[in-house]
Every structure is written in structure tokens, then in C-alpha cells.
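Protein sequence lines correspond, in order, to chains C and W.
Each residue of the first sequence is one higher than the one before, starting from 6 at the first, in my numbering.
Each residue of the second sequence is one higher than the one before, starting from 33 at the first, in my numbering.
Do not rely on the hints blindly, as some may be mistaken.
[Stated by the list, open to error] For each label pair, taking beta carbons as the anchor points, the in silico distance ranges come out as:
1. C:396 to W:167: 51 to 57 Å
2. C:292 to W:138: 52 to 58 Å
3. C:396 to W:103: 47 to 53 Å
4. W:103 to C:292: 41 to 47 Å
5. C:342 to W:52: 51 to 57 Å
6. C:341 to W:137: 45 to 51 Å
7. W:103 to C:31: 28 to 34 Å
8. C:31 to W:138: 33 to 39 Å
9. C:59 to W:138: 55 to 61 Å
10. W:52 to C:341: 54 to 60 Å
[Stated by the list, open to error] Distance condition first, Cα-Cα at most 20 Å in a straight line; then the derived EDC-like pairs of lysine to aspartate or glutamate:
11. W:262 to W:199
12. W:138 to W:102
13. W:257 to W:288
14. W:170 to W:147
15. W:248 to W:59
16. C:227 to W:106
17. C:227 to W:102
18. C:129 to C:141
19. W:317 to W:245
20. C:227 to W:59
21. C:227 to W:98
22. W:170 to W:137
[Said to hold, decoys possible] Stretch by stretch, here's where chain C covers chain W in the computed footprint (C-beta under 8 Å, at least three residues):
23. 55–64
24. 82–93
25. 103–114
26. 133–143
Everything labelled a hint here was simulated from the structure, so no lab data went into it.
The model shown is predicted, which means the values in this text are computed figures rather than measured ones.
Heads up, the beta-carbon is just placed ideally off N, CA and C, and yes, glycines get one too.
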Amino acid sequence: MSLLLFEMKKLFLKRNTLVIILLFILIPLIPNLMGEINYYSNNGEPGTLYGISKPYEGDVDPEIAQKANDEIMMVLNRKMSKTGDANIFGDNSREQIDFYFDYSNADHGLNSYQSGDIREKPEKPYSLRGIKNRMETLEKEGKKDSYEYVMRVMQYSMLVESGEPGFHYVKSWRNLFSFLTMGSGFLFTAFLLLLVIAPVFSNERVTGMDSIILSSRNGRVKVVTAKLAASVIFASVFVIVYNLSQLAGYIGVGGAMGWDAPLKSILGYALCPYNITILQFFLIQLVLQLLGSIMLTAAIAFVSSVSRSSLASFFISLLVIFYPYILGVLLRISAEWLQPLIDLSMLKLAVAHDAFAAFKAFNLFGSPVLYINVLIPLVIAMGIIFILLTYRQVRRQQVC
Amino acid sequence: MVLTLQNITKQYKDKLALKGFSLEMTEGIYGLLGPNGAGKTTLMRIIADVLRPTEGSVRVDGELKEGMNERYRDLLGYLPQELGIYKSFTAYNFLMYIASLKGIEKHRAKSKAEELLEITGLKDSKVRLCGSFSGGMKRRLGIAQALLNDPKILILDEPTSGLDPKERVRFRNLISGISQNRIVLLSTHIVSDLDMIAKAVILLREGQLIRADAGKKLLEELDGKVWNVKIPESRFVEYENKYTIGNLTRRDGLLELRILSDARPEEAACPDSPTLEDMYLYFFKEKEQSGQEEAII
Numbered sequence: 006m007s008l009l010l011f012e013m014k015k016l017f018l019k020r021n022t023l024v025i026i027l028l029f030i031l032i033p034l035i036p037n038l039m040g041e042i043n044y045y046s047n048n049g050e051p052g053t054l055y056g057i058s059k060p061y062e063g064d065v066d067p068e069i070a071q072k073a074n075d076e077i078m079m080v081l082n083r084k085m086s087k088t089g090d091a092n093i094f095g096d097n098s099r100e101q102i103d104f105y106f107d108y109s110n111a112d113h114g115l116n117s118y119q120s121g122d123i124r125e126k127p128e129k130p131y132s133l134r135g136i137k138n139r140m141e142t143l144e145k146e147g148k149k150d151s152y153e154y155v156m157r158v159m160q161y162s163m164l165v166e167s168g169e170p171g172f173h174y175v176k177s178w179r180n181l182f183s184f185l186t187m188g189s190g191f192l193f194t195a196f197l198l199l200l201v202i203a204p205v206f207s208n209e210r211v212t213g214m215d216s217i218i219l220s221s222r223n224g225r226v227k228v229v230t231a232k233l234a235a236s237v238i239f240a241s242v243f244v245i246v247y248n249l250s251q252l253a254g255y256i257g258v259g260g261a262m263g264w265d266a267p268l269k270s271i272l273g274y275a276l277c278p279y280n281i282t283i284l285q286f287f288l289i290q291l292v293l294q295l296l297g298s299i300m301l302t303a304a305i306a307f308v309s310s311v312s313r314s315s316l317a318s319f320f321i322s323l324l325v326i327f328y329p330y331i332l333g334v335l336l337r338i339s340a341e342w343l344q345p346l347i348d349l350s351m352l353k354l355a356v357a358h359d360a361f362a363a364f365k366a367f368n369l370f371g372s373p374v375l376y377i378n379v380l381i382p383l384v385i386a387m388g389i390i391f392i393l394l395t396y397r398q399v400r401r402q403q404v405c
Numbered sequence: 033m034v035l036t037l038q039n040i041t042k043q044y045k046d047k048l049a050l051k052g053f054s055l056e057m058t059e060g061i062y063g064l065l066g067p068n069g070a071g072k073t074t075l076m077r078i079i080a081d082v083l084r085p086t087e088g089s090v091r092v093d094g095e096l097k098e099g100m101n102e103r104y105r106d107l108l109g110y111l112p113q114e115l116g117i118y119k120s121f122t123a124y125n126f127l128m129y130i131a132s133l134k135g136i137e138k139h140r141a142k143s144k145a146e147e148l149l150e151i152t153g154l155k156d157s158k159v160r161l162c163g164s165f166s167g168g169m170k171r172r173l174g175i176a177q178a179l180l181n182d183p184k185i186l187i188l189d190e191p192t193s194g195l196d197p198k199e200r201v202r203f204r205n206l207i208s209g210i211s212q213n214r215i216v217l218l219s220t221h222i223v224s225d226l227d228m229i230a231k232a233v234i235l236l237r238e239g240q241l242i243r244a245d246a247g248k249k250l251l252e253e254l255d256g257k258v259w260n261v262k263i264p265e266s267r268f269v270e271y272e273n274k275y276t277i278g279n280l281t282r283r284d285g286l287l288e289l290r291i292l293s294d295a296r297p298e299e300a301a302c303p304d305s306p307t308l309e310d311m312y313l314y315f316f317k318e319k320e321q322s323g324q325e326e327a328i329i
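Sequences are here, hints too, so could you generate the full structure?
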């Protein structure tokens, strides 16, 4: 226990660590909050906006949706016509226009859910209509026993059972999730883990403490447990504090209204195959971020245990964490065989969006298994392997 | 307790650091002497269980260290040549951290840390951050951490480097005082550190054990080979080429040389008692000379 406390002290109380933690919380928080404050000062008080939206919450009404779309078109036309000082909102208040934008988004979400849009391809459908068409095609081709057919049946039934996207006032949550559950939100956590965990073993080599540690009774096994536990505690504390600070910031400015609305009320999650509320999703994504961060911590710790310098440990870990971005975004590699590698990475688990924004399944021995059900055990297995490799590495480590 | 090193060989990629080193050690202080690159640190690392030999074994009372695992490391106290210290830890916290690494129960660790801070003269700096310590203070803290678990095998790699003469005397007394029921292996470049305290001196050269015996016995070999001679400065080069010179002082316009030579260098030369420094020079110079001879042949 005392060894764990010392390892925690080494991680948490290093001169720069607390400053870095504070910076990594504040750097995204301050501009996000400034954006929120700016938004509400331009479009109306959260209470007023909620008051306008509240009577219309529930299923999307086609008539109101049509009116919302028309009003928005008029606003856009007035804006395009460059009539200088003319009021682009017409007879509407800015709060009313804000409501129309939200309602239009909800309508767009419902349309995507029901009949797709121009991005939908017949062979890769995501809307109810598209899936049904695909199933009919497969039936005509006599492929009812095929994996794809079974998968489409599953996709269709999950989408139906999870219900249609409706309209709810979810502004704070929508904005929170657009940061927190996307790559940009996890970027700060990932970099902090890199900065703090990457030297956890390698620094002992650099400072020359490795000789004393490795020659001590607990220097081959218990110290690894203590270092890993301290790192996991560090990662967990940061992820929780980071998430809660973002949550507090967003709902502090925009209010918590909409916490019990279905996740599908948020445009980006209209095709979510799960019937969960926004608060449930917040907690789920927090757990996934924790899990992903812990497993990333295990990976970084292993890299640290085999690295001769903290800098090498940092850069190798950087590759381990960000390879999905490096391959997909930076190098623009889109080979089909790479996709599972990217999809099943630790980073994808920590960034919950992809697993919840739409239906995704993997073909495991001919049966469709939901993405998240493959991702979680796989990432946990990877983490365990990294932990075991770290123990093995330190047990065999030599000072040359 | 018997620590047996049997045929220890360590091969790095292109360098043989230790060649078939065998020795048996019992309680007492062993001084490890040898020029840079002789394999002293490699040998100590192997005994400290931080480096695996390519061949050979380390046994305690006949039991292989690999089989003993934690029990073996429990016997160890190790001060490496390059000691790392956490700059943000106080001296006391550093010792408590090492105590937890050594699995020492907290209450005992506290009293032992206090005791060792006192012994090493760091009591007043107990709550100072290690980052503010001088080289000598870090070394003393290193010695303290090595002694925390009352080790039965104490390995000290250059423990006195960075210590001032007073601290070295204090260190010698400390080591001498605790050596009765433990094996102390001490490497040093300061040969006088071993005077009076070493039970045996181990001479290592190019990874090979060349001699391991009681200091007194080794010195006996030098009886009649240490001479003091006074010469005019103009003859210095001649002497330097011909003999191993241990010491040189200038007195009354003449040079007074301490010479290692099997034969009396000249009539006026006076024999003197050999010291460990003479012994070091004798054994390691001898090799250089024979090396030259081999090269000539």
C-alpha cells in the first residue's frame, strides 16, 4: 500500500503535473464556455429558448417542421440578399428562429432515420427504408441465409425498437457531446496520459533509480503493480474530473434541460440503435472513456517499460494511441483491411461517438455481433496483454 | 553466510566484460580494485541482481540466486555508481520509499530511516528536497538507502566518490562497524579507503580476477620492492622510463621519488614499507609493462 502511495505521489505531485492537469482541463473548457456564452447572448437566454421549445417536445410534427424549414430558408435568403441593415429574422424573434433551427434539425434526423439522404448507398443503407430495400433485394437473390441478411434484420429491428427520433430541447447536451464524445474531446486526455504516464518506467532508467529499484525485494513485481495502479488511478481521476468539469461548464451556462430526453433527439445520434436517454449516454460514454483510458494507460506503461528514454516512450506511445488518426486522417489510407484495425482501437472505445451514432456490427463466425460488444472485450484483452507484457519486461529487465 | 561466484562471464555485443570470474566470499569487507573498464561495475551489477551473467552462477550458501528470487534481493543493499534520486522527494521520504521497495514494515522503516539519517549526518536535512543536495549529500543518502534493510550482502560501487576527507573517514568507520555479520563488497579508486578495513582485496583486470587475498598478504609480496630515492631533476625522465613511480615530492632542490622496483634502483635508495597504493600500482603497472614486452616480442 505504501508503495502505491509513493508511486501516486510521484505521478500526482511532480512539480509540473498539477499545472499540466489544470491546463488540460481549462484549455478546452474556456473556449467552449466562451462559445456557449456567446451563443446564448446572440440567440436568447436558455430559459426563454427552453420555454419556446417545451410545448413542441415529442414526435416531430410535419406541419411545424415544414414551417420551420420555410422560416429558415427565408432567413438564409435574406442573409444572402445582403440587404444590409434589414432584419434577417423578419417577424420572428431571434429566439423563435433558434427554435426553428432546432426543429428543422429534428426533422432532418427523422428523415435520415426513415428514408436516408443523398449519402445513403443501396448496398450500405442506414435508414429504415434503405435497409428494407436491401433486405428485399437479398431475399430476391435468395440470400436469406447470408450474413448480410441476418445483419440487416438485426439492424432494422434495433432501429425500429429504439424508436423514431423526436424533438426535444437538448442544446447543452448536444453541444457537450459534440466535444466530449468526439476525437477532439479525448485528445486532451490522451495527451495528458502521454505526458504523465510515458515516463513512468523509462524515467527510472533516465534518473538511474532503476538499479536500486530492481535490486530491491519488491522491485520486480510489486513495484510494477504499484506503478500500474497509480497510473490507472491517475487516468481515472483525470477522466472523471475532465468530464465533470465539461459537464458542469455546459449545463452551468445552458442548463440541464433535456437530460431525460432520448439520445436520438440529438441530430448526430438520430440513427443510434439503442433506446437510451441523454444522461444514460453521458454515463455510458464516461465509463467507456474510463475503460479506454485505462487500457491506453496500460499500453503506454508497457511502451515506457521497454523504452530507454522518456522521449522515445512518448513518441512510440503517441503512435500506439493515435494510429487510427495517423492512418486514416493524416496519411489518408483507406484500404479496406485497415478499417477493422482502426475500428477496433483503444481510441475508438474512448471516443464513444462511433459506437453509438449508428448501427455497426462485426461478422463473428457468421453471426452479427454489435460493434461495442466486440470492441469492449477486445480492448480489455489488449490492455491485459500489455499489463502482462509489462510485468514480464520488468522481471527480465537488466541494467547495462 | 557464503556467497559463491562461479565462473561468471559477461559478454556484451563486442566486449567480454567478465571472464570466468570465480570467488567465494564470507562475512567481511572485500575491496574491489581495478582500472576503469576492468569489469568492477559489471561484477557488482551481477551480484546486485540487476544484470544477468552470460555464463556462471551466483549462490548463497549453495542456493542459486535465481531460485531464491525475492529472498535473494532481500539480502541485498546496493549503492550503484550512478545514483538517481527523486528531486521532489525529501531525504526522509526518499528513504521511506526505498523502505517500501524493500518491503520493510512501516514502523521499522521510520525508525531505521531516522537512525540512518543520523549516522550519515543528514538528520538536519531530513525534510530538505533531494534536488537541493550536494554531490556528497546525495552519496551519503545513497549509503543510507543501501543500509535500510540491514543487508547481509552490501554492494557499494564507488561509495566515497564525492565525499570530503572527513566524510570518507566517517564512512570507513561506519562500514567497518557494520561488517561483522555481513559481506561487504566495495569498489573504489581511492585505494586508501580500504586501508585497515578490508578483509581481502580483489584485483580485477580486463574482466579477469588476477588476485584475491588479504591486503596484508598482498603487501607482503611487495616487501623489498618499494624504495625512496632522491635524484636531481635532470634524471627524472630516465627514472620515469625505467621504474614505476608511486610518488614524487620536491625537497632541497632534489626530487624525492617513491619507486616500485624488484631490485634496489641505486645505492642511496632506502627501502620503505609498501602500502595498498603501491600494491595497486605494482599489479596494474606490471601488466602494462608485460603488455609492452609482449608487443615487443
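Now the hints, each set against the structure:
no.	hint	result
1	C:396 to W:167: 51 to 57 Å	violated, 35 Å
2	C:292 to W:138: 52 to 58 Å	violated, 35 Å
3	C:396 to W:103: 47 to 53 Å	violated, 19 Å
4	W:103 to C:292: 41 to 47 Å	holds, 42 Å
5	C:342 to W:52: 51 to 57 Å	holds, 53 Å
6	C:341 to W:137: 45 to 51 Å	violated, 59 Å
7	W:103 to C:31: 28 to 34 Å	violated, 50 Å
8	C:31 to W:138: 33 to 39 Å	holds, 38 Å
9	C:59 to W:138: 55 to 61 Å	holds, 60 Å
10	W:52 to C:341: 54 to 60 Å	holds, 59 Å
11	W:262 to W:199	violated, 35 Å
12	W:138 to W:102	holds, 19 Å
13	W:257 to W:288	holds, 16 Å
14	W:170 to W:147	holds, 17 Å
15	W:248 to W:59	holds, 18 Å
16	C:227 to W:106	holds, 14 Å
17	C:227 to W:102	holds, 11 Å
18	C:129 to C:141	holds, 14 Å
19	W:317 to W:245	holds, 19 Å
20	C:227 to W:59	violated, 30 Å
21	C:227 to W:98	holds, 18 Å
22	W:170 to W:137	violated, 24 Å
23	55–64	violated (count 0)
24	82–93	holds (count 3)
25	103–114	holds (count 6)
26	133–143	holds (count 4)
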